[in-house]
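All chains, full assembly: derive it from the sequences and hints.
So the protein lines, in turn, are chains A and B. Sequential numbering from 1 applies to the first sequence in the working numbering. Sequential numbering from 1 applies to the second sequence in the working numbering.
These are calculated hints, taken from the structure and not from any lab test. Treat the hints with care, since some could be wrong.
[Stated by the list, open to error] List of simulated lysine-lysine pairs, DSBU-like, C-alpha gap at most 30 Å:
id : chain 1 : residue 1 : chain 2 : residue 2
1  : B       : K8        : B       : K59
2  : A       : K148      : B       : K175
3  : B       : K8        : B       : K37
4  : A       : K72       : B       : K37
5  : A       : K145      : B       : K175
6  : A       : K119      : A       : K93
7  : B       : K59       : A       : K72
8  : B       : K59       : A       : K119
9  : A       : K148      : A       : K93
10 : B       : K168      : B       : K59
11 : A       : K145      : A       : K119
12 : A       : K72       : B       : K8
13 : A       : K72       : B       : K5
14 : B       : K175      : A       : K119
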Amino acid sequence: MGIPVALTVNGQSVTADVEPRTLLVTFLREHLALTGTHVGCDTAQCGACTVLLDGRAVKACNILVVQAQGAKVTTIEGLSGGDALHPMQAAFKQHHGLQCGFCTPGMVMSAVELAGRMKDPTDEQIREALDGNICRCTGYQNIVKAVKAGLANAG
Amino acid sequence: MHAFKYHKPDTLAAALGGGGDDTRYLAGGQSLVAGMKLRLSQPSDVVDLAGLAELRGIKADASAVTIGAMTRHAEVAASGEVRSRIAALADLAAGIGDRQVRNMGTLGGSLANNDPAADWPGAVLGLGATIVTSQRRLAADDYFIGLYETVLEPREIITAVAFPVPGKAAYVKFKNAASRFALVGVFVAQTAAGVRVAVTGAGGAGVFRVTEMEQALAKRWSPESVQSIPVASEDLTSDIHASAEYRAHLVSVLAARAVAAAG
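What follows is the structure, encoded as structure tokens:
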């Protein structure tokens, strides 16, 4: 029934036997206990489950873990070095880029991917890059501020 | 999601022979996985095409841009070769879904699924592209049949799409704000085979051409040529997002904007 998967999650090699229908987000949360990646809508719209797959922001609720075979996955837990926040996390904290915080892990992961593509995006480009991440507290103003600051800090 | 058997072949021949009677091919999975979660799709076998390197990549020359079926939307959007030859294709790819969807979703997967509100069918029909499969070459005009329906056989895999380089082309869509699918999208092009106008998102049977607009644009390439040409609403989609009459109105408006954008 199970098939073997081997991937790298936050720098650690992981192997497991999984049912093919196991979603990447289920594998992260329930097999690896990495519950920082959230399930919001579960229909690939809200982006709370966003992780990096070989550096690309993707929605972990809409991908089978077998699709990540051999890949490098980075979750929100993999960003910080020990107690030191990643510059993007620090920027979200400093600029209060959250209210309830549920969408925040996905927002931060999308922002980190953006940092790898654009050094000095406009507010509009930041909003476009976050098109796949929904905040229902309507905190977008501060999220955009935080991303802008995070990109500046990361540079 | 129901259980299924998973296969990941590394050759096209193995992919064509893999799986059982009720096999679905998995490209990026942005529609298929979502559909399986909802049990709209319940295949016994899933054959993952991700191991087929020959289905990836972009080749371009002066007459055509050929894109491998497993090339992701984000790769098309970021390709300098695509942008320099057919900027409308790069623009279209950059506007599909959201960033995360573009990072997984593929050209071939979208075309095999043929969602009536997808963007790629507009470009394929609007440019008169050729769809290359594991067994034949299909003209765009012969490929699309209806909603989620194409001429693809159950055991046929799209390997690449060849888009002829047009004189001018542009794609303009009116997005559904929530899903970012096309409520209506219009692709216009001046091709070697004549002017083409393709509409996605609006048709009750999927993507379609508007010959009246094509004839008007062939006489005079100008937004004014199409903005007052009405499209009959009888055959258009009506749903909670928009009435058929509203979609018909948008077709004329967006066609004019697309002609203006094409220059």
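Okay, the hints, checked on the actual structure:
no.	hint	result
1	K8(B) to K59(B)	holds, 25 Å
2	K148(A) to K175(B)	holds, 26 Å
3	K8(B) to K37(B)	holds, 20 Å
4	K72(A) to K37(B)	holds, 24 Å
5	K145(A) to K175(B)	holds, 26 Å
6	K119(A) to K93(A)	holds, 20 Å
7	K59(B) to K72(A)	holds, 28 Å
8	K59(B) to K119(A)	holds, 29 Å
9	K148(A) to K93(A)	holds, 13 Å
10	K168(B) to K59(B)	holds, 20 Å
11	K145(A) to K119(A)	holds, 15 Å
12	K72(A) to K8(B)	holds, 19 Å
13	K72(A) to K5(B)	holds, 24 Å
14	K175(B) to K119(A)	holds, 28 Å
Hint compliance for this structure: no hint is broken.
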